[in-house]
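Participant: Sequence:
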Amino acid sequence: MLILGLAGGLAVLLVGGIGAWAAFGFSPPYATTGECDDLLPEDALADVPGAEGNQVRQQDGFSGLMSSEDKYEDAQSCMLIDDQDSPDTAVLLSAYLHSSDIEEEDVRREMERQRDERFDEIDFEEGEAAGRLKGASAEVEVREISTGDGGTAFAADSPDAKLSEWTSTGRLSGAVFTTRNLEVVVTYLGPSDVSVEEHLEVVAGLADVVNRQISSTVETE
5 MLILGLAGGL AVLLVGGIGA WAAFGFSPPY ATTGECDDLL PEDALADVPG
55 AEGNQVRQQD GFSGLMSSED KYEDAQSCML IDDQDSPDTA VLLSAYLHSS
105 DIEEEDVRRE MERQRDERFD EIDFEEGEAA GRLKGASAEV EVREISTGDG
155 GTAFAADSPD AKLSEWTSTG RLSGAVFTTR NLEVVVTYLG PSDVSVEEHL
205 EVVAGLADVV NRQISSTVET E
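In the numbering used here, each residue carries its 1-based index in the sequence shown increased by 4.
Some hints could be false.
Claimed, not checked - Pair by pair, the computed Cβ-Cβ distance ranges are:
id : residue 1 : residue 2 : range
1  : ARG216    : ASP105    : 21 to 29 Å
2  : GLU56     : SER31     : 17 to 25 Å
3  : ASP89     : SER219    : 30 to 38 Å
4  : GLU202    : GLU46     : 34 to 42 Å
5  : GLY57     : SER199    : 38 to 46 Å
6  : GLN88     : PRO32     : 17 to 25 Å
Keep in mind the hints are simulated off the structure, nothing from the lab. Each residue gets a CB set at the ideal place from its N, CA and C atoms; glycine is no exception.
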């Protein structure tokens, strides 16, 4: 799906530089990516503008995701979209399961390389930054978040064709975080009356919800 692939691609490029899972300590690695009904429960979506009354659908595997199977052991996506043809609101969740013995530096180095290829002027100061999507007019606000083992949230506002072809308002937000050997991407596209700042707050809140649900519902090795 175009929305899922592009939104997830934008978000995952911002994860470079965050703290990954150097060691699990006494916490065992996760064995699965979990189930969408558990990760995005109905009550967690009740306060998300535009999401109420819409059903979350689950898609297992790598179909529609901007990631190759050789990098991960498993993946899945969860999608809430109010209109498949002309979406006004969407909540998207992509979860990627890494091998439990992956090296932190290998993941971080690749994430930083991809981020630098796609974004200009991303430079964190006191946990916040502003930047630009290369080749587009999209202004991107970025915030570091403490969700899971650490991550990044962003919000973009632009009438640029790269965004307007899959969000009528030109606004979207995303959050990426890692928790043990799971990499999680959450994306939110809200109605036209939801500001860029509200997009950022909503997606950061959704990331916190998903992280809590992972820790309480996903099986470990």
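Participant: Run through the hints listed earlier and report the numbers of any the structure violates, in increasing order.
Facilitator: 2, 4, 5 and 6
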